[in-house]
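Here the protein sequences come in this chain order: A and B. Note that the first sequence covers residues 1 to 123 in our numbering. Note that the second sequence covers residues 1001 to 1132 in our numbering.
The set of hints was computed from the structure by calculation and includes no laboratory data. By construction, the Cβ of each residue, glycine as well, lies at the ideal position given by its N, Cα and C atoms. Treat the hints loosely; a few may be bogus.
Unchecked claim - Only pairs whose alpha carbons sit at most 16 Å apart, straight line, appear in this in silico EDC-like list of lysine to aspartate or glutamate:
no.: 1; chain 1: B; residue 1: K1100; chain 2: B; residue 2: D1050
no.: 2; chain 1: B; residue 1: K1022; chain 2: A; residue 2: D27
no.: 3; chain 1: A; residue 1: K90; chain 2: A; residue 2: D110
no.: 4; chain 1: B; residue 1: K1002; chain 2: B; residue 2: D1050
no.: 5; chain 1: A; residue 1: K90; chain 2: A; residue 2: D108
no.: 6; chain 1: B; residue 1: K1100; chain 2: A; residue 2: E87
no.: 7; chain 1: B; residue 1: K1024; chain 2: A; residue 2: D108
no.: 8; chain 1: B; residue 1: K1002; chain 2: B; residue 2: D1101
no.: 9; chain 1: A; residue 1: K39; chain 2: A; residue 2: D63
no.: 10; chain 1: B; residue 1: K1022; chain 2: A; residue 2: D108
no.: 11; chain 1: A; residue 1: K75; chain 2: A; residue 2: D110
no.: 12; chain 1: A; residue 1: K39; chain 2: A; residue 2: D71
no.: 13; chain 1: B; residue 1: K1066; chain 2: B; residue 2: D1085
no.: 14; chain 1: A; residue 1: K88; chain 2: B; residue 2: D1050
no.: 15; chain 1: A; residue 1: K90; chain 2: B; residue 2: D1101
no.: 16; chain 1: A; residue 1: K2; chain 2: A; residue 2: D63
Claimed, not checked - These stretches of chain A come out as covered by chain B in the derived footprint (C-beta under 8 Å, 3 or more residues):
no.: 17; region: 12-20
no.: 18; region: 85-98
As the list claims (entries may be wrong) - Which residues of chain B face chain A? A partial, calculated answer using Cβ under 7 Å:
no.: 19; residue: A1070
no.: 20; residue: G1073
no.: 21; residue: N1075
no.: 22; residue: V1076
no.: 23; residue: D1085
no.: 24; residue: E1089
no.: 25; residue: I1093
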Amino acid sequence: MKILLVDDSSTMRRIQANTLNSLGYNDLVQAEDGADAIKKLRENPDVKLVLLDWNMPNMNGLDCLKAVKADPSTKAIPVMMVTSEAEKTKIIEAVQAGASNYLVKPFDADSLKAKITALLGGG
Amino acid sequence: MKAEHINPFLKSTIDTFATMLKRKIIPGKVYLRTVASVADISGVIGLSGDIRGAVVMAYPRETALKVVSAFLGENVNDLNEVVADAIGELTNIITGYAKKDLADIQMSISSGSKPFGGYAKGCPCGMHSLWW
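Looking at chain A on its own, in the form it has when it is part of the complex (with noise of 0.2 Å):
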């Protein structure tokens, strides 16, 4: 099952692979910003889930989001914000532009797992 991983930071890429590896999803792809999300699901058709950071540069999570949600081949695929992005009515700017989670930063691994597990339906 491929899972997209959007963050402009490498580290975070790598945590959250890390996470993933260990749920047993090693399918992965990694994008830096929101132009390079689009261009990587055009690539990788058979992507089944997308974490999407909300602050990059070139194109931010929200405007990718958005994009993603407006194109008929890719808006049925699962978008899970996982940002700094605190506030709640980012939450919900987001939620109502098609986000199907939302994982706030600091997170722990066992948080990340539960919000991965509900969206795919188990490893």
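Here the structure of chain A is known, so what remains is to put chain B in place on it, guided by the hints.
Quick look at chain B alone, frame taken from chain A:
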């Protein structure tokens, strides 16, 4: 410098270390630094809005290696670009999380301010440090 502006950063640091590093940290006495920090590695992020400036988290080498090892869940033994990126991202998370307790202040992480982690690399002469 007001306590209500400092405490969110202390709380955020404690919470972030507890959540993402599984480490309990206890703050020491808070004081206004009057001399430059002597640190082997620092994470820096710019702030804009009502507060303008930067948040800097500075670590001695051994502390940085332990912090990043716990953060990544991997053993790291040398100060390098991976450690610098991790220290920068940790600074970013702590600053972002502190924002929610600063509701009375319009504060933003400066647009285009990618968190920066830099470390001192010893000059071959042994007398200077260069920042990378």
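Verification of the hints:
no., hint, in the structure
1, B:K1100 to B:D1050, "holds, 15 Å"
2, B:K1022 to A:D27, "violated, 27 Å"
3, A:K90 to A:D110, "violated, 23 Å"
4, B:K1002 to B:D1050, "holds, 14 Å"
5, A:K90 to A:D108, "violated, 21 Å"
6, B:K1100 to A:E87, "holds, 6 Å"
7, B:K1024 to A:D108, "holds, 14 Å"
8, B:K1002 to B:D1101, "holds, 14 Å"
9, A:K39 to A:D63, "holds, 14 Å"
10, B:K1022 to A:D108, "holds, 8 Å"
11, A:K75 to A:D110, "violated, 27 Å"
12, A:K39 to A:D71, "holds, 13 Å"
13, B:K1066 to B:D1085, "holds, 15 Å"
14, A:K88 to B:D1050, "violated, 21 Å"
15, A:K90 to B:D1101, "holds, 15 Å"
16, A:K2 to A:D63, "violated, 22 Å"
17, 12-20, "holds (count 4)"
18, 85-98, "holds (count 3)"
19, A1070, "violated, 11 Å"
20, G1073, "holds, 5 Å"
21, N1075, "violated, 13 Å"
22, V1076, "violated, 11 Å"
23, D1085, "holds, 5 Å"
24, E1089, "holds, 4 Å"
25, I1093, "holds, 5 Å"
Against the hints set out earlier in the document, violations occur for numbers 2, 3, 5, 11, 14, 16, 19, 21 and 22.
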